[in-house]
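There are 2 protein chains.
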Amino acid sequence: MPPLRGPARRGPTCRGLDRGHGEGSGPHTIAGMTRGEPSGTDAGMPPELIRLRSSIDNIDAALVHLLAERFKATQQVGELKAAQGLPPADAAREERQIARLRALAHDAGLDPQFAEKFLNFIIAEVIRHHEAIAADSTD
Amino acid sequence: MPPLRGPARRGPTCRGLDRGHGEGSGPHTIAGMTRGEPSGTDAGMPPELIRLRSSIDNIDAALVHLLAERFKATQQVGELKAAQGLPPADAAREERQIARLRALAHDAGLDPQFAEKFLNFIIAEVIRHHEAIAADSTD
Numbered sequence: 001m002p003p004l005r006g007p008a009r010r011g012p013t014c015r016g017l018d019r020g021h022g023e024g025s026g027p028h029t030i031a032g033m034t035r036g037e038p039s040g041t042d043a044g045m046p047p048e049l050i051r052l053r054s055s056i057d058n059i060d061a062a063l064v065h066l067l068a069e070r071f072k073a074t075q076q077v078g079e080l081k082a083a084q085g086l087p088p089a090d091a092a093r094e095e096r097q098i099a100r101l102r103a104l105a106h107d108a109g110l111d112p113q114f115a116e117k118f119l120n121f122i123i124a125e126v127i128r129h130h131e132a133i134a135a136d137s138t139d
Numbered sequence: 001m002p003p004l005r006g007p008a009r010r011g012p013t014c015r016g017l018d019r020g021h022g023e024g025s026g027p028h029t030i031a032g033m034t035r036g037e038p039s040g041t042d043a044g045m046p047p048e049l050i051r052l053r054s055s056i057d058n059i060d061a062a063l064v065h066l067l068a069e070r071f072k073a074t075q076q077v078g079e080l081k082a083a084q085g086l087p088p089a090d091a092a093r094e095e096r097q098i099a100r101l102r103a104l105a106h107d108a109g110l111d112p113q114f115a116e117k118f119l120n121f122i123i124a125e126v127i128r129h130h131e132a133i134a135a136d137s138t139d
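As given, the protein sequences belong to chains A and B, one line each in that order. In case it helps, the numbering used here puts the first sequence at residues 1 to 139. In case it helps, the numbering used here puts the second sequence at residues 1 to 139.
Rather than coming from a laboratory, the hints here were simulated on the basis of the structure. A couple of the hints might just be wrong.
Pairs count within a copy or across copies, as identical chains cannot be separated in the list.
[What the hints assert, rightly or not] Derived lysine to aspartate or glutamate pairs resembling EDC-like cross-links, with alpha carbons at most 20 Å apart:
no., residue 1, residue 2
1, Lys117, Asp42
2, Lys72, Asp107
3, Lys72, Asp111
4, Lys72, Glu48
5, Lys117, Asp107
6, Lys117, Asp136
7, Lys117, Glu48
8, Lys117, Glu95
9, Lys72, Glu94
10, Lys72, Asp136
11, Lys117, Glu79
12, Lys117, Asp90
Bound conformation, chain A alone (with noise of 0.2 Å):
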């Protein structure tokens, strides 16, 4: 069976999941550093600190990672609606989203109401993109 992941299979997206200490810097330097080390500049700070903030990097690269698959999603949702003449918002789905994630956010921990907030920061962006689909297509 051939592996899932190898390295042929991992393009420039992937090296912000990457541990990435030591690896020196290549391309992706950005402003002196690169994308695996945003916290290699902590020096003097506590270990424990050092740990947390290598941890809240990996998260954040992976919650960039899914937005952008997210919005590929709804890009597509925005392109289908404009061709089938439907409105970019519905109401009533985003009641719906907004129960179930608070309900997720209550069982995982997080605040119900800072999840709440969240779509809807989501969801005003994606209405932007699909009012602007929408104006293309009618264009």
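Use these hints to put chain B onto chain A, whose structure you have.
Chain B alone, transformed into the frame defined by chain A:
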């Protein structure tokens, strides 16, 4: 070798990641739907839209769980900072985080400006938590 995941390890927080359809209602029913079926009332929608919404719901469940994990880490950071008298905010660290996430977003096809707005949104909440911890510890 034991399986990495099995039914015995599935807790309630995993339910949102299930495909869920057809499982019926259970203890997690909220307003007539389960955590796994937020798009269950999409009847009459194009099948492609239902498929995309199901992917978006899976991504959202992953985002909520990652955010919960991120706040667990920043909660520890806040407690550590308060114990050691370090200030809640760290402008240099935030600047590095923003530069790194913008670069990761760019590689992943996500609007870097949105990634920055997103991080600022999260950091604002984190600082709110840290200030609350610092206030508690100095009372």
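message = Let me make sure I understand: some of the numbered hints might not hold for this structure. Which ones are they, in numerical order?
response = Hint check: 1, 6, 7, 11 fail, others pass.
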